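2 protein chains.
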Amino acid sequence: MSSHKHTIVIVGYGGMGSYHTQLIEENGRLEVAGTFDLLEERRSASEAAGYTAYASYEDVLADPKVGTILIATPNDVHKEIALAAFRAGKHVICEKPVAMSSDEFIEMTQAAEAAGRVLMVHQNRRWDEDFRVIKEMYDHGTIGSLFQLESRVHGANGIPGDWRHMKAQGGGMLLDWGVHLLDQLLFMIDSRVTSVSSNLSFVLGNEVDDGFEATLQFENGVKAIVEVGTTNFITLPRWYVKGTEGTGIIEDWSLTGRIVTRNQESEKLEPTPIRAGVGLTKTMAPPSEGATITEALPPAAELSSSFYTNFADVIEGTAEPIVKNPEVLRVLKLIEAIFAAAETNQTIKDFDRY
Amino acid sequence: MSSHKHTIVIVGYGGMGSYHTQLIEENGRLEVAGTFDLLEERRSASEAAGYTAYASYEDVLADPKVGTILIATPNDVHKEIALAAFRAGKHVICEKPVAMSSDEFIEMTQAAEAAGRVLMVHQNRRWDEDFRVIKEMYDHGTIGSLFQLESRVHGANGIPGDWRHMKAQGGGMLLDWGVHLLDQLLFMIDSRVTSVSSNLSFVLGNEVDDGFEATLQFENGVKAIVEVGTTNFITLPRWYVKGTEGTGIIEDWSLTGRIVTRNQESEKLEPTPIRAGVGLTKTMAPPSEGATITEALPPAAELSSSFYTNFADVIEGTAEPIVKNPEVLRVLKLIEAIFAAAETNQTIKDFDRY
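For the record, the sequence lines run as chains A and B. Taking UniProt numbering, the leading residue of the first sequence gets 1, the next gets one more, and so forth. Taking UniProt numbering, the leading residue of the second sequence gets 1, the next gets one more, and so forth.
So here's chain A without its partners, still in its complex pose (with noise of 0.2 Å):
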């Protein structure tokens, strides 16, 4: 570990900028130098939060002292804002989605090796506790193999109003919430997408989409379904899983939860039919007494460290990043298939070179 610490300036002080000032004074090994907005009230939240306000995006780039730019601007103008960081020898952390195109994404990467300076997207979620249960779950078979992971995000207040329902600043759920659950689950799987279909909804008459819904069949058999959602007053299950041997389900961000499983211990009785609306049925009657076990969920998987100490290392070239920029594209370039895969109304294939 180095003595002194790394130090960063927040570029856009929104809700996003003034977040990372906590993460980051959370970390003994890094600083907030201060931060840059173009907005006068901005400049103003940061002075009396005790952060120096930059006149200007030039006059932090000449600021020797600042290593690292971190980028929490709307869309739109994080290559630029990073392109400019990499001229001056600067790191960049960047806030996701990182660019607005695959295309915009790799001349990020290429400006940052060109500099010899690092570039990390600020993936955080995969270190949110709920996934990571369900990554401990997918690494250890606790209910067996999954082969089907449903990741769902509801609200029912429609996209916030600000630059996050316009296109031009790369808006829309499929980008903004889109964009974590699917690298949570590339991340998770290890194994090709082989084929993508999608449905966009604009139920509220945005510009950007209001939700998505998008099916993902990998090449090693697993399926998954991610669906973002703004106009849902009731909301469904954070994650629902299959595995070959039970299900799982965490219903909500507090990780209320449980895990249902095969009792192998049970006799295998038929099951009782049951009267089901009009009907009887056998299939859907429930599970004969003692045939099943309810458990909690397993303890989250662990990572390796935390995103900013990552960070830390990474720039002292003492660790591979934990989100690595190629997984970043790949995310990127399944962006952009679910986008065209919805446009056509069509099922997209053989689009992940992994």
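Some hints here could point you the wrong way.
[What the hints assert, rightly or not] Dumping the calculated DSS-like pairs for lysine-lysine here, alpha-carbon to alpha-carbon at most 25 Å: (1) B/Lys167 with A/Lys268; (2) B/Lys223 with A/Lys167; (3) B/Lys65 with A/Lys349; (4) A/Lys167 with B/Lys282; (5) A/Lys349 with B/Lys223; (6) B/Lys223 with A/Lys223; (7) A/Lys282 with B/Lys167; (8) A/Lys349 with A/Lys223; (9) A/Lys333 with A/Lys167; (10) B/Lys349 with A/Lys223; (11) A/Lys333 with A/Lys223; (12) A/Lys135 with A/Lys65; (13) A/Lys5 with A/Lys324; (14) A/Lys324 with A/Lys223; (15) A/Lys282 with A/Lys268; (16) B/Lys5 with A/Lys223; (17) B/Lys65 with B/Lys135; (18) B/Lys167 with A/Lys167.
[Claimed, not checked] Restraint ranges, calculated between C-beta atoms of paired labels, are given here: (19) A/Lys5 with B/Gln264: 34 to 42 Å; (20) A/Glu320 with B/Gly141: 43 to 51 Å; (21) B/Ser191 with A/Glu251: 49 to 57 Å; (22) A/Asp252 with B/Glu25: 44 to 52 Å; (23) A/Ala55 with B/Gly141: 49 to 57 Å; (24) B/Glu113 with A/Glu289: 45 to 53 Å; (25) A/Ser56 with B/Gly141: 37 to 45 Å; (26) A/Ala340 with B/Glu25: 17 to 25 Å.
The set of hints was computed from the structure by calculation and includes no laboratory data. Owing to the predicted nature of the structure, the values given are computational and were not obtained by experimental measurement. Note that beta-carbon positions come from the ideal geometry of N, C-alpha and C, so glycine has one too.
Go by the hints and put chain B onto chain A.
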């Protein structure tokens, strides 16, 4: 109403066949004249229950007292049994799925027409109360205009161990349960299906699907997701529907459920961001207090009469069938499109001649 009861012989005295005796006895205009089954044990069961067991199907057809044949056999023999019934001048009620293919069903309807006899398919789940609650919401805009309907039936028993897991006998969940769920949707939604995508599951290693998921897009903008699973140790809600003013849920066959709608009286407040996982979100924060209203499900829509009363009316010539054969044909063609979509992993379009 005629002065004597219409007589029905049940061919196939298994689970559904014996269930039909109850349904028929409940109706004052119909009576069970007997049963026929290939298996000795079922003939004995029939006699024990007080229903004459005919010795052969020929005997049934030769009996002038018998007006109607009810077919509750495995699916692969529906057609031959029905054609023989029409040749003998009998009406036919047939269990679902009525036939192995739309072509078979066309042959059956042509034979009925040539004989001047009635053929009615027992799509009884149009009368399911859970479905009729959703129909009420769809027809009357209880939560605004319904634009997304998710209809799921989940079990954990696999496919019960008889002909239902044999391909040659028309087994598999798409034919067994899919035919009900799709029939409900097409009965309710007065619009052409413009596209369908789907996938089948073969988790259990049967030669037939042990579940499926299909996404239907209708010309009027409605999207429907239909899912059946037999390896689901935890069940997702039977119905989850989204309207322009709210969301509705029916958890299970006991009609546990609710609707949550936007409170029009409430001031439009931006929700407060919440910490969700390791991130912050305003989009997925719960709506602010008072912004929504939770209410009970509406009462179920009523159909004009029960299946069997309608059947009696139809053979007496006083009513149109509620389950119309062109509707049944359309569902069979939709099932064929769903099979094709799954087999080719393509979105199938323009198949619905509505």
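- [ ] Provide an ascending list of the numbers of those earlier hints which the structure does not satisfy.
- [x] Checked against the structure, the hints that fail are numbers 3, 12, 16, 17, 18, 19, 20, 21, 25, 26, while the rest are satisfied.
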